[in-house]
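A.B. asks: Residue numbers (our numbering), protein chains in the order written: chain A, 229 to 447; chain B, 229 to 447; chain C, 449 to 668; chain D, 449 to 668.
Quick caveat, the hints were computed from the structure, so don't treat them as lab data.
The reader is advised that the hints may include incorrect statements.
Claimed, not checked - Below, a list of computed lysine-lysine pairs in the DSSO-like style, where the Cα atoms sit at most 27 Å apart:
#, chain 1, residue 1, chain 2, residue 2
1, D, K586, C, K519
2, C, K586, B, K365
3, B, K348, C, K463
4, B, K365, D, K451
5, D, K451, A, K365
6, D, K578, C, K586
7, C, K663, B, K365
8, C, K463, D, K586
9, C, K573, B, K383
What the hints assert, rightly or not - Which chain D residues face chain A? A few, computed with CB under 10 Å, are given here:
#, residue
10, Q488
11, K573
12, I583
Note that CB positions come from ideal geometry on N, CA and C, so glycine has one too.
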Amino acid sequence: MKAKEYIAARTAKELQDGDVVNLGIGIPTLVVDYLPRDVRVFVHSENGILGVGPSPGPEHADADLVNAGKLPVTVEEGSSFFDSAASFGMIRGGHVDVTILGTLEINQRGQIANWAVPGKAVLGVGGAMDLLEGAGKVIVATMHTNKDGQPKIVKETSLELTSLRPVDLIVTELAVFCVRDGRLRLIELAPHSTLEEVRQKTGAEFDIEWRENMETKGV
Amino acid sequence: MKAKEYIAARTAKELQDGDVVNLGIGIPTLVVDYLPRDVRVFVHSENGILGVGPSPGPEHADADLVNAGKLPVTVEEGSSFFDSAASFGMIRGGHVDVTILGTLEINQRGQIANWAVPGKAVLGVGGAMDLLEGAGKVIVATMHTNKDGQPKIVKETSLELTSLRPVDLIVTELAVFCVRDGRLRLIELAPHSTLEEVRQKTGAEFDIEWRENMETKGV
Amino acid sequence: MAKIIDAKEAVALIKDGDCLMVGGFGLVGCPLTIVNELSQSHAKDLTIISNNLGEPGKGLGVLVLQKRVKKAIGSYFTSNPDVVQANQKGELEIQLLPQGTLAEAIRAGGAGIGGFYTPTGVGTKLAEGKERKLINGKEYLFEPSLRADVALIRAYKADRLGNLIYRKSSRNFNPMMATAAATVIAEVDEIVDVGALSAEEIVTPHLFVDYLTVKGECRL
Amino acid sequence: MAKIIDAKEAVALIKDGDCLMVGGFGLVGCPLTIVNELSQSHAKDLTIISNNLGEPGKGLGVLVLQKRVKKAIGSYFTSNPDVVQANQKGELEIQLLPQGTLAEAIRAGGAGIGGFYTPTGVGTKLAEGKERKLINGKEYLFEPSLRADVALIRAYKADRLGNLIYRKSSRNFNPMMATAAATVIAEVDEIVDVGALSAEEIVTPHLFVDYLTVKGECRL
């Protein structure tokens, strides 16, 4: 399994049956492909859809039916459409259970920077700040390092923060961290990943709090 | 024609084809019965209806279809239903052209008191304040005096004001006043009404600015 | 997925001291089956956010007579003399808001907005004690948003997920209240299969709705 | 009663220096026939409130290349490099708002609300210069409401009165913008008879809509 697919599959395990989930672009979009059969989630798209389904084939694309990444989507039975004010009312008002986002950087306190692009004028934010503010649980699903091989998890971000709110969970191709009391806690290693590799590719301090299944693996 | 019917008929002349109109309870409700054939208005009811039609017979009353006075109504073709937040958004946002209201008192500056009942705790306001704030034009359609024969138009109201905003027009069974620059201006006498009677039954100062048709009547 | 419960189970979700939102404009659009059941229960010290408190001996009016309402927030209580009397006796605290301010405060609460500035009521008795702000030269009053522990709302049809549609003027405060409470219980005429309501016509998407109760016989 | 006009007449209602609201999320739900006609016109010094400014050479992006947009208020301009470049050259002022704050500010403008407090963006770069307020112990940012001279929106069907319904995710910003401008022009697929849209399904009641334009052939 490739790294991105692994991240998506691992993140999928965090979702519970009935969750309302908002997915960022990139890896987060893949997560729903890895849900177990007995877990059904409802995908919320901030441009005004509850109940987003799989991508259609190109011949079935409907120009009026896109997700927040502006890609053609389908809708499932029981879906609904609403305007942007209502949609962000759902987000800010705490009615979206989980949001799964990508990020550019994460600091040592679990705060993310995922909107302001490096070296460029800050001209786009979209719904990122609202999602960080309002979602019940925030999961970051991201490659451990950036395109240049540099750690995304760093002491302090060089980019502007998206929110003061720390995320709840970080899933990479190497490890899973949770954030509690303003500290990163490594709770799981990916198969074939080692603590040494995680330390090497992480630019921030973290505690280690293996979850039970890791302890039994004798890490 | 009885006094109330006269007031309603005279008020109806103020409405223009296409107006969106919100009607208070009592005399205002009668106004639409006196519209000329070529004037169609759209009645807005703040409990969530645009396009209120005439009252149904008792056998056609629908328990889910009432106006703001909680009386059964019908709806016309092209009507729509919406929630209370949207409805008051229309009112405050300036999307209702005219509101026609009753009142308990009117002061010399054209401000009205129509919500706080004399001698009682102030426990009901409903939509009165929103309508005064947001309607394009406010017309008061009221008997000139109260049940005790005392003037409703007074120097200062004894009751709490509904809004600092003066109304635009006052129509009674005796006269029509407009309000401009914080002063009442008598612009018209009802048939069989005299300036003397109006002076006698009005407890406030007013200017006289006959409209053209009054001048030709040689008042 | 909304859970289908009966009116007794719905009322069991309400605890002493809870703040409730109850939909309806008078009795129209009020979840009368649940309210009726509530009047058979024992929950007390309730705060109720509702445009009115029913009519004498009807709907929420019964709870007032039972002295189980500590405080009411709404826009029009004058039509129920029992409410006026309870307030005069000091048994019932009343917070009066212009109807548009009430509706907006509930919507704001559901949408995660902390408060807003309305021009309604400036300079009147209802402005007393409220923060004022000039915005673009016009005066406004600050109004904090409202939220509740439990919302009891009335809709026409629900699908099994909890998507709701309303009927005519019974919509009124119900869609906003559906967004503004920790627990939302909708009383409906009918529960239909998922897919029976079109995506365009759904007024309240299911993510707001926790429980569904089918309307029952209701003595009034 | 909304007046039916063509795209040329619609554009003639826009004056130099006007503030426009333009519906759409990217090109989805954008009134492209009118926007296309606008790019053939001469109105300049425009302020545009819209989530994006089209795509390079498409939709509102054309107006940017023509240097006719003075200021843009929206949430996501990064996807159009022409906008970024115009901003860097100092030809185009940009006011960036979180998407939810943008949507809420437009809704507030249409509903007569002067401004509101949102928790979104607290402590970030986008909070700079904004008034902060603690409400129930939580920090919020003040955001004033937005209004425009003209709103150009996209709907699916209108009836002859001007009642509107939308189609799928092309609804987005259009219903709020319909409420928040002095003049509202809706581009629609089709104008149907009064009565053809049901009272329950109408999303934008006709009192908001001044003009209707039927969507035309649109080069993109």
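A.B. asks: For every hint, state whether the structure bears it out.
C.D. replies: How the hints compare with the structure:
1. D:K586 - C:K519: holds (24 Å)
2. C:K586 - B:K365: holds (18 Å)
3. B:K348 - C:K463: violated (33 Å)
4. B:K365 - D:K451: holds (22 Å)
5. D:K451 - A:K365: violated (48 Å)
6. D:K578 - C:K586: Cα-Cα ~19 Å, so holds.
7. C:K663 - B:K365: violated (42 Å)
8. C:K463 - D:K586: Distance of about 26 Å is within 27 Å: holds.
9. C:K573 - B:K383: Holds - the C-alpha atoms of B:K383 and C:K573 are around 19 Å apart, at most 27 Å.
10. Q488: violated (23 Å)
11. K573: Hint holds; D:K573 Cβ to chain A Cβ min 5 Å, cut 10 Å.
12. I583: Constraint on D:I583 not satisfied, violated at 13 Å.
In summary, the numbered hints that this structure violates are 3, 5, 7, 10, 12.
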